[in-house]
Amino acid sequence: MASLNETGTTVRAPRAPWLTLKRRETIEGWLFVSPTLIGFLIFFLGPLIAVVFYSLSEWNLLSQDTTFVGLANYEDALTQNPDFWQVIRNSVIFAAGLVPMNMALALALAMALARPFRGVVFFRTIFFAPVVTSAVAWAIVWKFLLQGDAGAVNQMLATVGIDGPNWLREPNWAMAAVIVTRVLKMVGLNMILYIAALQSIPRDYEEAARLEGASEWQIFRMVIWPLLAPTTLIIMVITTIGSFKVFDHIYLMTGGGPENGTLVLAFYIYQQAFEFFEIGYASALAMIMFVIVLALTVVQLILRQKGST
Amino acid sequence: MTRLTVRNLTKSFGKIEVIRGIDLDVADGEFVVFVGPSGCGKSTLLRMISGLETISGGELWIGDRKVNEVQAAKRGLAMVFQSYALYPHLTVRQNMGFGLKVRKESPDEIERRVNEAARTLQLDKLLDRYPRELSGGQRQRVAIGRAIVGDPQVFLFDEPLSNLDAELRVHMRAEIAALHRRLGNTTIYVTHDQIEAMTLADRIVVLRDGRIEQVGSPKELYARPDNVFVAQFIGSPKMNVCPVEAIRSPLQRAGFSTGGATQAGLRPEHLRIVDEAEGILCGRVSISEYTGGGALLHVELEGAPVFLVENSGDDAPQPGDIVHLAFSGSDLHLFDAEGRACHREPELA
Ligand SMILES: Nc1ncnc2c1ncn2[C@@H]1O[C@H](COP(=O)(O)OP(=O)(O)OP(=O)(O)O)[C@@H](O)[C@H]1O
Ligand SMILES: [Mg+2]
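Protein sequence lines, in the order shown, are assigned to chains A and B.
Here the numbering used here is used: the first residue of the first sequence is 1, the next is one more, and so on.
Here the numbering used here is used: the first residue of the second sequence is 1001, the next is one more, and so on.
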C-alpha cells in the first residue's frame, strides 16, 4: 500500500522485518543452549549410540576387526558367563550393605548436627570433608589402615582382645571393608541433604507434639520421619545408583579381588574393556548397567510423583 | 480448679534478659490476654508457661503445683500456635487425635473425643481432609480442635488470628469468645492487636520490655491507664498526649486543675467539636480522613502537637477550618514526668 503524506512523497507501509522479536528470541535461545547441547550430542549421545552399536558387535581391540553378532554379547552375559551373575550378586550385596548403612548414619548425623550448637560447623565439616577428598588418597590411607596384623585397625582391635581378619585378603571381609570405607567417604553428602530437610521442618511441629506428650522417639517416628519421606526417597535412589556405579573405590582398594569377592559391575566392565579388550562384551554390560540405573531412576520418578499428590 | 500463679518470673537468653520479673495471678476460668509491642516478650512468657521454654528465675504454679521443672506435656495445657502447626502428612482426624494417640488412648476413645470436638467446632465434614485442603479459618479451627480434644486445664494461644484476613479475624475472634464461654477453661491469649485484647479479655496484661505495665479489665485500662504507655497502647486511634504546659491556660480557663502533672492526654473519641463559646481548645484542621461513619481530623493546636479528633456525622470540617474542641473533665488524663498517671479522684463509672 502506498499513500501520500503531507509533503506529497509516497511512503511504503513498512514490511515486517525478517528479524522479528520472536525470531530473534528464538535464535538467542538456541545460541544460549548450544554449548550444552553440542556437548551433550558429542560426549553423551554419540558415545551412547556407539555403545549400543558396539554391544551388538564382536570387537576385540587386539584383533581390530568388528563383526555384527546381534544379541550374542547379551546372551553371553546373561546365560553363558558365570562371572556375570557373580558380579551382579556382588553389586547387589554392595548396594544392600552400603545404602542402608549410609542412610542410617547420614540421618543420625543430621539429627545430631541439624541444630546449631557450639562447634556444629566443625563437626559438619569433619563429616563432609571425606566427600571432597580425593578418592585415591582415601583408598590408599584405608588400604594402609586395613593391612593384616600390622594395620592400625587390627592393632586397635587387638588392644580390646579382638583378632581382626586380614581385611582386604578375604572375600567377605574385603566386601565389608569396601562397603564401610565407602560409606565413611560418602555419608557426608547424604548428611547434608538430611540436614537441609530437617532444617526446613518448622520447629512448631516438634513443639506441638512435645506439648501433646509425645516422646522424642514418637516425635521422630510420627512427625519427623514422615516429613522426611521425600528426601529419604531421593537419597535412597541416588545412593543406590551411586553404589551400582562404584568404580574408583574398588579399583583402588581391592582391584575386584580377592577371588573376585569385590568384583562389582562397573569394575567388571572396565576389566572386560581395558584389560581384556572385549569391547563388544563390555558394551553389552554397560547397556545392562544403563538399564538398571534407568529403571531405578524411573522408579524414583514414579514414587516422587505419587508422593507429591 | 486451675489458677495460674506467676511469681517474679524471669528469662534470659544468654546475657539478654527478656522477661524481667513478672507477677501475675490468673483465676480459674479467666480469659487473660497478653498485649504489647513486638519483641516485648509475650511469646516468651507464654512459652515459659507452656514449658517449651525453660524458666530462668521465679516460680510458676498451675493449680497447686509448682511446675518450674515439670515437662511441658505434664502441665495439663494445650497451645494453639500462630502457624497452627498442623502436621501436613496427617488428616484432620489424625491431627486432632495425635495427642491422644501418643498417650496411648484406645482407638474408640480417640474416635469418640475427636468426633465430639469436631462437632463443637463444626469440623465434622472436614475430618478426612489434609491441612493443605483447608482454608485458613478451617485450619485455625482444627488447631483449636486439636487443643480441646485433650481436655486441657489451660489453653494457650499465641497470636492465633494473625494469619487470617481482617474479616475472618473478627469472625474467629467471636468464635473463640463463644468457645471460652462454653468450655470455661482458663485461657491465656497473646496478641499485639489491642482490639482483639479488648474484645476477648476478662483481664488484659500490658507488657513492655519484659515487664508488666498494667493489669486490668479492658474498661479499667481504657478509663484509667496507669501510665502514658498503656494510655497510648489501648484505644484506637491512640490517645493524644502533649505537655501540660502547652495547654495550661485553656485548661485553667475551663477550670481543670492539673496539679503537678506534666503531661496531659485526651482520647480522639472524647473530643467534641463545639461552638467557639463552649470550646476549651482551639486549632486548625490540617488533614481530614474520611472513615465512612465520620472523619478523623488532624488538628494543629496552638503550641501543642497535632491532636487526632474523631468526628461523627457528615459535616466534617475541611482542612484549613478553625475548630473548637471541648471534653469533660473525667476524660482528661494527667501524667507526671515519668509518665505515671496522676489519679485525682475515683471517677470510674
Ligand atoms: N531463642 C531466643 N534466643 C534469643 N533471644 C530470643 C529468643 N526468643 C526470643 N528472643 C528475644 O526475646 C525478645 C522477646 O521475644 P518474643 O518472641 O517473646 O516477643 P513477642 O512479644 O512475642 O513479639 P511478637 O509480637 O513480635 O511476636 C525479643 O527481643 C527476641 O529477640
Ligand atoms: Mg510473639
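These are computed hints drawn from the structure, not numbers from a lab.
Any given hint could turn out to be false.
Per the computed footprint, the stretches of chain A lying under chain B, defined by three or more beta-carbons under 8 Å from a beta-carbon of chain B, are [what the hints assert, rightly or not]:
| # | stretch |
| --- | --- |
| 1 | 27-41 |
| 2 | 196-208 |
| 3 | 212-220 |
Using C-beta positions, here's what the derived DEER-type ranges look like [to be verified]:
| # | chain 1 | residue 1 | chain 2 | residue 2 | range |
| --- | --- | --- | --- | --- | --- |
| 4 | B | Gly1259 | A | Arg203 | 45 to 55 Å |
| 5 | A | Lys306 | B | Gln1122 | 40 to 50 Å |
| 6 | B | Tyr1130 | A | Phe68 | 16 to 26 Å |
Backbone N, C-alpha and C define an ideal beta-carbon position, used for all residues, glycine too.
**Asked** Holds or violated: 16 to 26 Å for the Cβ distance of B/Tyr1130 and A/Phe68?
**Response** violated, 57 Å
**Prompt:** Would you say the stretch 212-220 of chain A counts as covered by chain B, given the rule of at least 3 residues with C-beta under 8 Å?
**Reply:** Per the Cβ count (5), the hint holds.
**Message:** Holds or violated: the 40 to 50 Å window for the beta-carbon distance between A/Lys306 and B/Gln1122?
**Reply:** violated, 33 Å
**Item:** Whether the CB-CB distance between B/Gly1259 and A/Arg203 falls inside 45 to 55 Å
**Value:** Check passed, 51 Å falls within 45 to 55 Å.
**Item:** Claimed coverage, the stretch 27-41 of chain A by chain B - three or more beta carbons nearer than 8 Å
**Value:** With 0 residues in contact (Cβ-Cβ under 8 Å with chain B), the coverage given for the stretch 27-41 of chain A is violated.
**Request:** Examine the stretch 196-208 of chain A: at least three residues should have C-beta closer than 8 Å to a C-beta of chain B.
**Result:** Since three or more residues must qualify, the claim that chain B covers the stretch 196-208 of chain A holds, with 5 doing so at under 8 Å.
The structure is inconsistent with the numbered hints 1, 5 and 6, although it conforms to all the rest.
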